[in-house]
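Visitor: What follows is the residue order along each chain.
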Amino acid sequence: MTPLAAYLLLAALIFAIGLAIALTRRVAILVLIGIELMLNAANLNLIAFWRFGPHPEALTGMMFAIFSIAVAAAEAAVGLGLVIAYYRHRKTTDLDAMTRMKG
Amino acid sequence: MIFGLTVAFVLVAMVTVAGAMGAAVMRNVVHCALSLTVTFAGLAILFLQLDAQFAGFAQVLVYVGAVAILVVFAILLTRGVGTSLIYVFSKQWTLGLGIAAAVFALLGWAVLKSFPVSGPVAASEVTVKDIGAALMNQYVLPLEITAVLLTVAMIGAVIVAMPEKKVKEGEQ
Amino acid sequence: MNGIWGQLDQIFVTLQHWVAGLFPVWLQPVVATLIAVVGIVAAFPGIFALTTVLERKGLGRIQNRIGPNRVGPLGLFQPIADGIKSLTKEDIVPVSADGLVHFLAPVLLVLAVFLGYATLPVGRNMVLLNMDAGLFFFFAIGASTELSIFMAGWSSRNKYSLLGAMRAVAQMISYEVPLLLSSVVVVMITGSLSTVKIVEAQGGFTGIFPHWYVFTPWGFVGFVLFVTAALAETNRSPFDLPEGESELVAGYFTEYSGFKFALFFLGEYLGMLSIAGFAITLFLGGWGAPFSFLAFLPSWGWFFLKLLAGIGFFIWLRGTMPRLRQDQLMNFAWKFVLPMALLNLVVAGAWRFMGDGWLRWVVSTAVLGGAYVLLGSVLMRRQGIGPRSYRYAE
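Protein sequences appear in the order of chains A, B and C. For the first sequence, counting from 1, position 10 maps to 10 in this note's numbering; every step adds exactly one. For the second sequence, counting from 1, position 137 maps to 137 in this note's numbering; every step adds exactly one. For the third sequence, counting from 1, position 297 maps to 297 in this note's numbering; every step adds exactly one.
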């Protein structure tokens, strides 16, 4: 297995675990944790392709990853603000109880 | 060399995956957040192994230094200390697990079946000066847009999380 | 540099190469690095021990009392007694505390703090890791210490600890941005994030005066802001509300006793030493001599002399200034230090492009001085501090 394939598999595994966290846990904040894990896995993918790709001096992969880190941090802040606002109204963060908009 | 991979890579990969699995199965939410921090640190070391120095340090500074603390603060503000749920996983957990496993299987099959890339390329010395020059020449538009986005996100997060003012009875 | 002073300057480097030369070739880099690590682990805790004694005696003299004077001549062996005491005290862990996290918090703190010494240039050619992004490495590792403080406060299941931890983390996050911004000025003018290059850029002399960045207007303002933010980052007085003895018992390490408390103490003081070291590297010329005719003295000697002066200054501040309240502290960070740091960046940029001459000195000093006066008066107007009035009992 080439090193690139190993890094890509690792990133796929972390992505799948992040997806599992986002889909199966009951606490709202853990969904955000899962999303952060998925974004991190994508960053790992980007850097691995930058390193083993044809033009590492073009810096495209690294720039993409750096911007992705910045945007992910901003999105985490907004998401957690939303969770806090919801908690203030309903006094719970249980996802199974957030059914007010169910059809 | 196990399977043609270095021992360092295997060790760090195992630590990272252990941290991610810990975040998935632990009962106490603060433990999940701390185990997530271990994953972030492991990923930073992987970035350093890939000769992406700036990205690795940015990962530590932003994720371990800010996002992890943000998550932990949010947990403290919304749960109270030391309570664990009786039911850790939601009612449809089998479906979620199945979807995640299917995604991993698909991605893994895609990686293993694709054309092998010709060996590792010699690492070009990427200095911070190059990154700075690239940020100011080619990537100045994404930089400015990211700045605007961060400002908007900050203002938005403050407004969303601010407690609402009580409207007085007399005035409508 | 040759001759006896040149050899004395490089004595530790020669020692390292000689010991590494005793090993086979493939092992030499590892042994050389290991020797440097052993040097750091031996030297800086030694300075920490000296600092504890200096602090207690210094604070004692400022407060008009004698400090510890029983152990050894003038009380100088007090750290040995402290060490023995902390090693033999019982390690009490509360029953409801979170065992693993409670244990890991001091370990993580000491680990992160020791890692931060890797890119500190202690002398000429004496840096453990000459990384291209050395300064960035230090700030990234410093950001990880906040997490260990939170872990300590939360795992104790004690309201005082949690309150102290949240205050400490809020304070550290608020002052992180001014710390980074005030060091970006130096990076901008030098053109590199490598600590070795930053020290070398301050190595020249005009006449007998050195080219340290602290002697320029933007450098002086940057230095003051950096030291302020550094005091807040390491929870030193006057920003020590999170661990104030009169406020919160002991803040986030209330429930720690024995060796773990000693580890926290060690971690905090080592953090203070490393950030003082980086302030010296960034603004005070690192291992450079203050006058050109004194440049023959060993570079590591100058560094440790400056470090000692910095420690003395911190101790002096602790004994003299009253503590800042939490909201005053945050106000100060976001409404004064941050705008000044941003303005400092602009002024430094203008300095760079105005060319040599007296004009840039006048313009920079005027802009920075005017901003200081304006911001200060705007902030102080909200305080409503007027002339003192007295009420007497009838």
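The reader is advised that the hints may include incorrect statements.
Unchecked claim - When the alpha-carbon atoms are kept at most 25 Å apart in a straight line, the in silico BS3-like pairs for lysine-lysine are as follows:
hint, chain 1, residue 1, chain 2, residue 2
1, A, Lys91, B, Lys91
2, A, Lys91, A, Lys102
3, B, Lys129, C, Lys197
4, C, Lys57, C, Lys85
5, B, Lys129, A, Lys102
6, A, Lys91, B, Lys129
7, C, Lys197, A, Lys91
Said to hold, decoys possible - Selected chain A positions facing chain B (Cβ under 10 Å, derived; list incomplete):
hint, residue
8, Ala28
9, Ile33
10, Gly81
Stated by the list, open to error - To list a few chain A residues with every Cβ distance to chain B over 10 Å, as calculated:
hint, residue
11, Ile69
12, Arg100
13, Lys102
If you are wondering where the hints come from, they were derived from the structure by calculation, not from laboratory data. Being a predicted model, the structure only gives us computed values, none of them experimental. Idealized CB from N, CA, C, for every residue including glycine.
Visitor: Does each hint fit the structure? Answer for all of them.
Guide: Results for each hint:
A hinted pair counts as satisfied when its Cα atoms are at most 25 Å apart, and Lys91/A with Lys91/B qualifies at roughly 21 Å. Proposed proximity of Lys91/A and Lys102/A is supported: the alpha carbons are some 19 Å apart, at most 25 Å. Annotation: proposed proximity of Lys129/B to Lys197/C holds, straight-line Cα distance about 13 Å (limit 25 Å). The hinted pair formed by Lys57/C and Lys85/C meets the criterion: a straight-line CA distance of about 19 Å does not exceed 25 Å.
At roughly 53 Å between alpha-carbon atoms, Lys129/B and Lys102/A are farther apart than 25 Å, so this suggested pair is violated. Taking the CA atoms of Lys91/A and Lys129/B, the gap is about 50 Å. The hint is violated against a cut of 25 Å. A distance of roughly 54 Å separates the Cα atoms of Lys197/C and Lys91/A; the hinted pair therefore is violated under the 25 Å criterion. Satisfaction of the interface hint for Ala28/A is found here, the shortest Cβ-Cβ separation to chain B being roughly 8 Å, below the 10 Å cut-off.
With a cut of 10 Å, the hint placing Ile33/A at the interface with chain B holds, because the nearest CB-to-CB distance is about 5 Å. The interface hint given for Gly81/A is met, as the beta carbon of that residue sits about 4 Å from the closest beta carbon of chain B, less than 10 Å. The Cβ of Ile69/A sits about 5 Å from the closest Cβ of chain B, inside the 10 Å cut-off, so the non-interface label is violated. Under the 10 Å C-beta cut-off, the non-interface status given to Arg100/A relative to chain B holds; the minimum distance is some 17 Å.
The claim that Lys102/A is not at the interface with chain B holds, since no C-beta of that chain comes within 10 Å of its own (minimum 14 Å).
This entry does not satisfy hints 5, 6, 7 and 11, going by the numbered hints stated previously.
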